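Visitor: Throw the hints in and build the complete structure from the sequences for me.
Heads up: the sequence lines are chains Z and H, in that order. If you're matching positions, the first sequence starts at 2 in this note's numbering and goes up one per residue. If you're matching positions, the second sequence starts at 117 in this note's numbering and goes up one per residue.
Because the hints were derived from the structure by calculation, they are not lab data. The reader is advised that the hints may include incorrect statements.
[Stated by the list, open to error] Over the 12 Å line for every Cβ pair with chain H, so calculated as not near, a few chain Z residues: (1) Lys173; (2) Gly251; (3) Phe258.
[Unchecked claim] One-sided and incomplete, this derived list gives chain H residues near chain Z with beta-carbon spacing under 7 Å: (4) Leu180; (5) Glu181; (6) Ala184; (7) Pro390; (8) Gln391; (9) Arg394; (10) Asp443; (11) Pro449; (12) Val471.
Nothing here was measured: the structure is a model prediction, and the numbers come from that model. Every residue, glycine too, gets a C-beta built ideally from N, C-alpha and C.
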Amino acid sequence: MTAPLLRRAALAAALSTAVLAQAQGVAYVSSEKDDALAIVDLKTLSVTGTLPSCKRPRHLQRIGDGSRMLVACTDSNRADIIDLATRKVVGQLPLGDEPEAFDVSPDGKTVYVSNEDAGALSFVDVASGKVTRTVEVGKEPEGVKVAADGKTVWVTSEVANLVHVVDTASGKVLKNVKVGKRPRRFALTPDGSQLWVTNELAASVTVLSTKDYSTVATLDFEVKGARKADITPVGITMTRDGKRAFVALGKANHVAFVDVASRKVTDLVLVGKRPWNVALDKAEQRLYVVNGLSDDMTVVDVAGAKALKSIPVGRVPYMALIAE
Amino acid sequence: MKRFIPLGLLLALGAAQAATFKATLLVRDDDPRLERSRTERPALGHPGGPAAQGLDVALKEAKLELDAEGAAITLETVKVGNAAAARDAAARAEKAGAAALLADLPADWLLAAADAAKATPLLNIGESADRLREADCRPKLVHLLPSERMRADALAQVLAQRRWSNVLLLTGPSPDDAARSATAQAAIKRYGLKLAASKPFKLSADPRERDLANPLLLTGTAGGLAYDVVWVVDGDGEFARTLPYRTALPRPVVGDAGLVAQAWSPAFERYGAPQVSRRFAKAAGRPMQGHDWAGWMAGKALAAAAVAAPKGPPAAFQKALAEVEIDGSKGVPLSFRAWDGQLRQPLLLGDGQSVVATAPVDGILHPKNALDTLGADAPEKLCKTR
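Guide: See below:
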């Protein structure tokens, strides 16, 4: 997310003068059982087309200058490179066996990807399309995040309940950090000091200090009428100023808005069935929540903490990428 | 007869205060359930191969987590030919300092082992008999495989949800079938289903016994018999597997064929299950079945206890084991019930091709944990020794 962050910062300056009366652009939504991305028009909030992709598309993220995105396909062992202007597949990138999630180095040259069956983190050189290094980690690795300086990459292991701290230069695992049960995904505070990790089977987020990897806090979620076992946080994102975080609570069918400083839940918004990954638009006015078990995406108004609309998108949707 | 698998041992030797936990798995010599004719085409709910394979997978994948804590688990497998041998092997293992025993044994053999090593936790991975959770329970005996009552409750919940409430029950000739048939009838009653009729069946080609053996006659409408489903209780499985599509009325078969409640299915697609099934299939060369899941969970429980109490002592390890919360890739954390040592867990109902439903079904309520609607619940106090 580092590269997009830089780009977003630049764009935010440009946008501050623009009037954001109407949302523009599209959301691409990957669906695990469709081998295609749904294209959702952000203005009309309706599906305007589909983009065929490699098999079982999951993680979506921009790469390079932001004009292209990668679609990681677990059953194709590769990513498709899609040009966002033309919406065409312009290349492919091998990602090792059963890739799930990835992040990109700040210089855009390396993709770090979790290989869920092998229990590995692969380093992929974008220019040559070669896997340059494979680091053994715990089973079912998922969330991947690169530090702003590019020196460290973090990856969760869902089975080992660990966050692995990997040195990008040597490819060595520097530290294994115990977090909650079935850790999934990350958010990093803008100053890089805190790493937030969702724990799917612990109904919580672990806040780690990136200095010494001590647990700064554990944020437990509660939803009225739901038991702890029914609260399964997975997707997480944060505002650019690092003041608010948004966490999808899985089986609890809600998204939690979290005040980052106090680590308190301020709002709970009812969305679709098993919300999975979440994404903010540029203006951070809308949150796009992908619901894995109701095959739709809920658009949430951030200011009002209210769901605006749920749009049917595809079978077993996984993630949305907002292109404005 | 013995086999040592040093897991995480290399690292354990290097670490300063590494604790190594010894586990001993007792399995049946020449297990009739594992004869080739059975495992080649396992009936739903039957083992597809040795229980140790699931256990091995779990211990291998736990290595990294154990290494991080400087702990290791070693596994020794002992084959036993009867209850006395099980008893001796358990006593020997306890004397040699085993942190835990595991058993894939018939109920009586398993009890002999439990009573010969009373201070050591025993993890049951292959026996579903209700009595091990009820009258014959033991203080340190825990169960990874769901009980027969849990399976019957799961099925009854699904039938109640579907409103397929009129049940024709067919029961096989073995004493085990009789016990499981009683369990099924209790579940039918518990969930407000109706017993249209209950009949015995027999595997036979003898025309003089055709009323007992012929599916059409057993399920016929003579005397105005009507039913929504046929629930077949057949521990052997040969009769049950031939019953679907051979009923007189076009009704589904459930129980030991058709729709079957199991701990696991290789067709399960949610909660990371395909990765688990794939890892197992890669290691064992066959699809992962319910018994394999139970073995896998036993390994995960041991590993979780070792991570929670990496430096021991045995008492701390045992306490941690009793209190573990483990992820079985069924969507919720799983733990042992204090009142009977049973691992609470969702069950998967399927026909071998797909997972049709999971239990507890949506809408089932329980004051504490909906998982406890499957199997014996605390207020029943069926286990007196815990």
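Visitor: For each hint, tell me whether it holds in the structure or not.
Guide: Each hint tested on the structure:
Against chain H, the non-interface label of Lys173 of chain Z holds: every CB pair exceeds 12 Å, the least being about 14 Å. The beta carbon of Gly251 of chain Z sits about 9 Å from the closest Cβ of chain H, which is not more than 12 Å, so the claim that it is off the interface is violated. With 12 Å as the threshold on Cβ separation, the claim that Phe258 of chain Z sits away from chain H holds: the shortest Cβ distance comes to roughly 25 Å. Annotation: interface hint on Leu180 of chain H holds; nearest CB of chain Z at approximately 5 Å, less than 7 Å.
Because the beta carbon of Glu181 of chain H sits about 4 Å from the nearest beta carbon in chain Z, less than 7 Å, this interface hint is met. Below 7 Å, beta-carbon pairs count as interface contacts, and Ala184 of chain H has one with chain Z at about 4 Å; its hint therefore holds. Violation of the interface hint for Pro390 of chain H is found here, the shortest Cβ-Cβ separation to chain Z being roughly 9 Å, above the 7 Å cut-off. The interface hint given for Gln391 of chain H is met, as the beta carbon of that residue sits about 6 Å from the closest beta carbon of chain Z, less than 7 Å.
With a cut of 7 Å, the hint placing Arg394 of chain H at the interface with chain Z holds, because the nearest CB-to-CB distance is about 6 Å. Annotation: interface hint on Asp443 of chain H holds; nearest CB of chain Z at approximately 5 Å, less than 7 Å. Taking 7 Å as the C-beta contact cut-off toward chain Z, the hint placing Pro449 of chain H at the interface holds, the least distance being around 5 Å. Checking Val471 of chain H against chain Z by beta carbon gives a least distance of about 14 Å; that is not within 7 Å, so the hint is violated.
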